[in-house]
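Asks: Based on the provided sequences and hints, a complete structural model is requested.
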Amino acid sequence: MARRDRSHLTVSLFPFLSVLACVTGTLSFMISGMTAVALGDTEQLIELTEGGAKKTPRYVECRSEGLLIHPQGKLVPLEKLSKTPNAYVALLTQIAANSESQCLILLVRPDGIASYERSWKVAQEFGKNKKRPFDMGSDAIYAAGPIRFETAPDPAAATKAVDTQQGTSK
Amino acid sequence: MTLRRHPLPLTHDSFLDVVSNVVGVLVLVAIAVILNAKDIKIDLGAPVVRPPPKATTRVIFECSRERIFRLDDAALHTISHDFASRYVTEQARTITPMERQRLFDRSDVGNELYRVRIPDVRGSSLQLELRETAVGEDSLQILEPTSAYRTELAQLSPATHWIFFIVRNDSFEMFRGARQLAIERGFSVGWDPKQREAPLIFGNDARDGITAQW
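Keeping their order, the protein sequence lines are chains U and W. All residue numbers for the first sequence refer to my numbering, where the first residue is 13 and numbers rise by one. All residue numbers for the second sequence refer to my numbering, where the first residue is 4 and numbers rise by one.
Here chain W is said to cover these stretches of chain U; the calculated rule only asks that three of the stretch's residues, wherever they fall, bring their Cβ under 8 Å from a Cβ of chain W:
| no. | stretch |
| --- | --- |
| 1 | 31-39 |
| 2 | 117-127 |
| 3 | 145-155 |
For each label pair, taking beta carbons as the anchor points, the in silico distance ranges come out as:
| no. | chain 1 | residue 1 | chain 2 | residue 2 | range |
| --- | --- | --- | --- | --- | --- |
| 4 | U | Thr47 | W | Arg125 | 53 to 61 Å |
| 5 | U | Thr96 | W | Arg125 | 28 to 36 Å |
| 6 | W | Met101 | U | Asn110 | 49 to 57 Å |
| 7 | W | Ile98 | U | Ala48 | 54 to 62 Å |
| 8 | U | Lys95 | W | Arg125 | 29 to 37 Å |
| 9 | W | Ala151 | U | Thr96 | 43 to 51 Å |
| 10 | W | Gly27 | U | Ala155 | 31 to 39 Å |
| 11 | W | Pro54 | U | Lys92 | 31 to 39 Å |
| 12 | W | Arg188 | U | Ala33 | 53 to 61 Å |
| 13 | W | Ile34 | U | Lys92 | 45 to 53 Å |
| 14 | U | Cys34 | W | Pro202 | 56 to 64 Å |
| 15 | W | Thr14 | U | Met46 | 29 to 37 Å |
| 16 | W | Asp173 | U | Pro27 | 49 to 57 Å |
Since the hints were made in silico from the structure, they are not lab data. Positions of the beta carbon are idealized from the N, C-alpha and C atoms, including for glycine.
Replies: Below is the structure:
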């Protein structure tokens, strides 16, 4: 009986290679997906520092398509901004009626500058016409991602913080 | 005598090496992506506008093309005034507003960063155009101790100056970095966002209506 020649038996790494190829494919897919999510949907957390909330801010986001009023999430298209009544003018009316405790903050996205210019002008004229000027301001936000707000701190505590800060720094 | 040649075996070892390395790198990339996939935080300080501090002078920077440039409006006004005066002296006659506008169109008036034009024949305002050749500094360069922006801030005092940023829509990131540095040094700051192509027109009364926020 002939004996088998065992010297030609080798370990094949081909199955291991195919497993590795599958892992590579899966990882590439995962990384692409996560990068797309990270770039597109990263939330912007708006935080008020101690000096920022002397009055309760009412936020309006200036986007390319119009104004997004927070926290209701109501969108006022740019072409409807000059037509009254609209949600933005309603918000201005509320702020003007409570100008001692509220202020308007426009959050400007890079593609929302046209909306910002229009809404700023409307707000300024509104304050002048009603003879009830109110505080307003603006800040730059990033292009991508929805906005999440932190609960505004207690206005009374914030006022105290502002006074302290001004007393020490200026 | 003949030599018996064994066929060379096909080995996957080197290919396997490469694939293993690729997998290792991808695992590291995946870990990095997971660690970085967190929310962007934006701190709102006190963005309500208010008049700038009394007895302070405005210093303007323009954030454009993801870089920052010093816009010295007072110096540009002086340069354009001197240029027009010199021309009048050389010609030994007065010039009409229309001639003045054409003169500024024909000649390259300004400094190394901005060119000056006359946007309105009837007015005294100036249109300041950022030159294509202007270099400025990017958001990483301003972090270096030797940066021109930092040097400029170091020469100013919060007691006598406040900083105003004109921000183009391509340079919000640049603006946030530059503003942070100015606030850290105690300056009051203000900003105005502008479309990429919107002209910068400065009149003699340009100081009115521009407000600070911090």
